[in-house]
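Please put together the full structure from these sequences, using the hints given.
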Amino acid sequence: MTRSLRAVLYGAPIGTLGGLIGLGGAEFRLPVLKAAFGYATHRAVALNLAVSLLTLLGALLIRVRVAPTGHLPSLAPILAALIAGSIAGAYRGAAYASGLSVDRLERLVLVLLVAIGLGLAAEAFVSWGSPGVPGGLMVRLPLALVLGAAIGVVSSLLGVAGGELIIPTLVFIFGADIKTAGTASVLVSLPTVAVGIWCHGRSGAFADRLDLAGLIVPMGIGSIVGAVVGGYAVPYAPARALKLTLGVILIGSAMRIFRHRPKLTAAEAP
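FYI, in this note's numbering the residues of the sequence shown are 17 to 286.
Since the hints were derived computationally from the structure, they do not count as laboratory data. Only a predicted model underlies this, so the values are computations on that prediction, with no experimental measurement involved. Even glycine gets a Cβ: it sits at the ideal position worked out from N, Cα and C.
Pairwise CB distance ranges (calculated): (1) Ser117 / Ile78: 36 to 44 Å; (2) His87 / Tyr112: 31 to 39 Å; (3) Leu73 / Arg218: 20 to 28 Å; (4) Ile265 / Leu25: 12 to 20 Å; (5) Pro158 / Asp224: 40 to 48 Å; (6) Pro158 / Ala255: 29 to 37 Å; (7) Pro150 / Asp224: 49 to 57 Å; (8) Val118 / Pro158: 30 to 38 Å; (9) Thr261 / Ala51: 17 to 25 Å; (10) Ala257 / Ala131: 17 to 25 Å; (11) Tyr248 / Tyr112: 35 to 43 Å; (12) Ala92 / Arg218: 28 to 36 Å.
Put into structure tokens, the structure is as follows:
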């Protein structure tokens, strides 16, 4: 089986799961890139960002046609602040990641994936809806900048679009409805991921051009197709049970793939 076909076959179910729970699935793609395709963690993160960009572009084309956008103008100042913060965070996050040793990066990835898994599982028990934090733009804009920076850092460290953080932020902190938050998340994620790709690219993460045709494009296509299928299947899926299950699976896979194992000494080695 060729690598391109394997990329499509892995990308499609991950995209379907992401579509079912309203995310891009990049948090599940990172362990696959390392365990199934054998990429070192630094490259897996960069490639995950590139696939995320293709998935986001596909999601944007779909959402502008089918998702309501009438409430987006009222969120414009918040979105601008989130984007500004996330771009700065993505730049700093990529620079920080490039200077980390493999062991330290894997420990950090493990912590972040476990945190996302716990958050995903917790969402199974949370009702989506909130008036947001009190106060006007003088309070909300600085808060959006800070939260955007944190989202950008996580995006560049994991190679994710950040929807698992952006959507709850918009709903619970800024009072957006869930459908508007989903579309707004794509708008925030696109420049964030683009900056992360640019930063990782400067360090040579995309030097092997075979990755473009052999992995990035086919996995991106598979993810987009899967996300469309997942989106149409949403009315028939038990969303709460699915989020709880996927949160547990994400934690388990992160522990298995990224957990740091102490090296054996010569005396301890078999």
